[in-house]
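S.K.: If you're matching them up, the sequences are chains R and L in order.
Residues 51 to 167 in this note's numbering are what the first sequence spells out, letter by letter.
Residues 158 to 267 in this note's numbering are what the second sequence spells out, letter by letter.
Where hints are given, some of them may not hold.
Claimed, not checked - To be clear about the criterion: a stretch of chain R counts as covered by chain L if any three or more of its residues have a C-beta under 8 Å from a C-beta of chain L, and this derived list gives those stretches:
#1 66-72
#2 153-165
As the list claims (entries may be wrong) - Subject to a maximum C-alpha distance of 30 Å in a straight line, what follows is the list of computed DSBU-like cross-link-like pairs (lysine-lysine):
#3 L:Lys214 x R:Lys76
#4 R:Lys153 x L:Lys179
#5 L:Lys166 x L:Lys179
#6 R:Lys153 x L:Lys222
#7 L:Lys230 x R:Lys153
#8 L:Lys230 x L:Lys214
#9 R:Lys76 x R:Lys63
#10 L:Lys166 x L:Lys230
#11 L:Lys166 x L:Lys222
#12 L:Lys214 x L:Lys172
#13 L:Lys179 x L:Lys214
#14 L:Lys214 x R:Lys153
Everything labelled a hint here was simulated from the structure, so no lab data went into it.
Glycine included, every Cβ here is placed at the ideal spot set by N, Cα and C.
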Amino acid sequence: DAGVTQSPTHLIKTRGQQVTLRCSPKSGHDTVSWYQQALGQEPQFIFQYYEEEERQRGNFPDRFSGHQFPNYSSELNVNALLLGDSALYLCASSLLSGVGRAKNIQYFGAGTRLSVL
Amino acid sequence: AQRVTQPEKLLSVFKGAPVELKCNYSYSGSPELFWYVQYSRQRLQLLLRHISRESIKGFTADLNKGETSFHLKKPFAQEEDSAMYYCALSGNGGSYIPTFGRGTSLIVHP
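Extracted from the complex, chain L is given alone in its bound form (with noise of 0.2 Å):
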């Protein structure tokens, strides 16, 4: 069975500080990894994979398989990065369906 796990219900941090949001998933084979993103009145959407390798918005976040974690990283936090962060997994064993952590609401305050 695959599960997400992000440990904090809600991270609350001030303008300029590092941000890091944690993920750590249980799956046996190769997931593929996804933090999707709410802001207030907006609809759910895709932040970044790890199989982009990307950085979006100034937010990163490396698959550690040995740890089976991905964490969501940002080294200066925004007041608009306040929203529900959700990490996701989806199985390579042609579901195609991801799982969802609970959610991490981060509030940044000004």
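Next comes chain R alone, as it looks inside the complex (with noise of 0.2 Å):
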């Protein structure tokens, strides 16, 4: 089990771009979260995706948008980028279908790195 995987690693953009970032859930999830962890902060919940659509959102604007395919995968849209939005940004899975407080637990894959200049 590879585990929750996101690409790319690294990618550098500049200010006004649109960025797209990747992740596959873990084996047998149903749900995936994504975060934004600014250098030397904690994550920053911005959407959760369950059944191909939106579940929740945080406080983030509408440049920030996102999509889950059949197959569980997701992907994280940045539209016109700001030098703000450099950060990490982290993938979660999770398997909502599940029973009790399992739908808690949530296992994260290492990160995207994105640097806006």
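Make the complex out of the two chains shown on their own, each in a separate frame, by following the hints.
M.R.: Shown next, in the form of structure tokens:
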């Protein structure tokens, strides 16, 4: 089991550009959540996808959008990049269709380091 | 609203010394509490959760509802325990999204 995989590992973009990050969940998981982790800060929740729909959203602007595919993998898109979007973007997977409190356990990928110049 | 507070940004101890990483929370219902750990150049991973009542790598954490705390403890720190530790809370309202504290960097000196 490869666990949660994210691509690319690193990315450099310039202000105003658009970026797409990809995530494959842990085998058997059906839910993907995305987080932004600025340097020296805790992960901040962006949104969660389940059954190919955005289930919940954190306090992020509409420039941040996502998608989940039938195979449960997911993409995070950020439009009109700002310098402040530079961060580590983490994907986490979980099993919402499971039972009990196992739904609360999230497994994280290694992240994509985005630098906006 | 749910909130997690980790008052110490940095905790520095010597090998063999006891360690306590503090975590306090604010939540009106019955939350589930977690400790996640991020070792250098590794991914964020779950260390333990309060309902499991386990000891992982010598660490334990007890949920104290009266004090709304979930402190992480280890009687004898090891150098390999050096990492960033995040306390996290998930509510019981069907959200299943953890709220993270700001993290405590633990450094264990030889």
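S.K.: All hints, please: hold or fail.
M.R.: Tested hints:
1. 66-72: Per the Cβ count (0), the hint is violated.
2. 153-165: holds (count 9)
3. L:Lys214 x R:Lys76: 24 Å, holds
4. R:Lys153 x L:Lys179: 25 Å, holds
5. L:Lys166 x L:Lys179: 10 Å, holds
6. R:Lys153 x L:Lys222: 22 Å, holds
7. L:Lys230 x R:Lys153: The hint holds at about 26 Å.
8. L:Lys230 x L:Lys214: 11 Å, holds
9. R:Lys76 x R:Lys63: 28 Å, holds
10. L:Lys166 x L:Lys230: 16 Å, holds
11. L:Lys166 x L:Lys222: The hint holds at about 23 Å.
12. L:Lys214 x L:Lys172: OK: Lys214 of chain L and Lys172 of chain L at ~15 Å, within 30 Å.
13. L:Lys179 x L:Lys214: Holds, because 18 Å separates the two Cα atoms, which is no more than 30 Å.
14. L:Lys214 x R:Lys153: Given pair Lys214 of chain L, Lys153 of chain R holds - Cα atoms ~24 Å apart, limit 30 Å.
The structure shown violates just one earlier hint, number 1.
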